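J.: Here the protein sequences come in this chain order: S and L.
Quick note: the numbering used here has the first sequence finishing at residue 107, numbered continuously throughout.
Quick note: the numbering used here has the second sequence finishing at residue 1420, numbered continuously throughout.
Among these hints, one or two may not hold up.
Cut-off 27 Å, straight-line C-alpha distance, at most; resulting in silico cross-link-like pairs (DSSO-like, lysine-lysine) [to be verified]:
#: 1; chain 1: L; residue 1: Lys-1062; chain 2: L; residue 2: Lys-1202
#: 2; chain 1: L; residue 1: Lys-1097; chain 2: L; residue 2: Lys-1117
#: 3; chain 1: S; residue 1: Lys-95; chain 2: L; residue 2: Lys-1062
#: 4; chain 1: S; residue 1: Lys-60; chain 2: L; residue 2: Lys-1376
Stretch by stretch, here's where chain S covers chain L in the computed footprint (C-beta under 8 Å, at least three residues) [what the hints assert, rightly or not]:
#: 5; region: 1138-1151
#: 6; region: 1342-1353
#: 7; region: 1373-1382
Derived by calculation from the structure, the hints in this document are not laboratory data.
Please read all numbers here as calculations on a predicted model, not as lab measurements.
Even glycine gets a Cβ: it sits at the ideal position worked out from N, Cα and C.
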Amino acid sequence: MKQICLVCQNVDCKTRGAEVLMKELERKVTEKGLADVEVRPYMCFGACQEGPNVVVYPEKTWYAGVKTDDLEDIINHLSGGPDVKRLDKIDPSLKDLIYQLLDTGVF
Amino acid sequence: MQGILFPNGVAEEREGFNGYRARGGYAALSKVVKGIPPADVIREVTEAGLRGRGGAGFPTGKKWSFTRDCSEQPRYVVLNGGEDEPGSKKDRLLLEKLPHLVIEGLILAAYGLGAGKAYIYINRQYEAALESVREALDEARAAAYWGESVLGSDFNLEIVITEAPPNYVAGEDTAALEVIEGKPPLPRQKPPFPATVGLFGKPTAVNNVETLANIPPIIDRGAAWYRSFGTTESPGTMIFSLGDEVSRPGIYELPFGTPLRFLIEECGGRLKSGKKIKAILPGGPSSAFLPADKIDVALDHNSVREAGSSIGCGVVRIFGEGECVVEETLRIAEFFARESCGQCPACRMETNMLATILRKVQQGQGGAAIMDQIAKVIAFNKGKGFCNLINMPGPPIESALRLFPGDFEAHLSRGRCGLT
């Protein structure tokens, strides 16, 4: 199934390096030839203090405080490997809200 | 109809120093500095029941007593003319046309509060207002109404003008304090409230322009006279702003308790389009829509609240039959998304999400489930911001959904307005 990597590009995540992070993630996805993965910007997940935030959808995995050093492990996950437990830090109630929004098509 | 601020109807011309004096201006100030204790000024304002005109309607006397009861020194007074509410023109008009009334109100507030320094905070785009206030301040100072030893008394007052940035959030009281301190207009977390921890960390009364304009008449003629206008809970008058959708747009000073119908029909001359009314936003973009059958509601804080909305700062907008509530609701959501200062994550997420959801609805993208997300986003973020902006998109959006579900369903199913 096709997965979308949503990378928050709101001001807070940007100041924490989300722009560079997104470019680097796009580069690695292309390099690995992950045809079923699309990288897309997102407006805001409401977890700015934990940014940069990356949500893998529709799988529903949320990575917070992502640094470029973490991308290797995330790419490994997107290639079928295990998810990256150390980056799972978000409160479940916020996750529920955002996943519901994504489920109803709010992109 | 007789007003309190504009005794002879809303002024076309600027009232100069001599004109203001000739109708009894500065009499209240002369009276108090010659022997009325500051506490009596606050008591009179409390007894008059004056409520803030910036939108929240908090009792002014109570707010002042918090500052007055604080032992910290020095204390400050800030006149908030940061007015950025879409459609609101009242504060600008008061500053332009009745600068001395406003300045006397500010001086009386400083006297009552024991403040030695006052700031006049004015939207920097209001050039005529700034010029009018500068000239009036010079005249008032020359007459010893402020400065060293006001009218020969031991009351000293310095007044400084600070120009405000023109964005919406800069009119929020703590954002105004940040700007006066030389910082960007970002609201502070409350509590503490400015009344006790305000400008430079000191007790500060921040009052809207229209609020302070009510002080000279209250001190001059007394609380009982003031209460002869308006209702028990909302004494006095309020300035209402009507937009270009009515035949006679402009601002109108009316006693609280006046029926909304009077404002719309007698003052505004009904909708220019000739159409029947579909909905009314009685208190600016953060108030809830009222349906047309609420047109006889009395314009006072309690009655408008009981009708399901709020009086805000008196900006009344009227929508005719055939106008789409979805479009207006989207405009409101986009306004708050644009004007959120962005320092609180929850506000940033909420305002962006609501604007995105409503844009989807307007364009007919997404199923009925997308509508259910609106209430969830609002509930999740309620009260999670430093200032009240986070709570502002809720009332107009949720009332629009409740009152006009057909407009939203039409957009969702057809991807366009069902009304055109």
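J.: Taking the earlier hints as the rules, which of them does this structure contradict?
T.: 3 and 5
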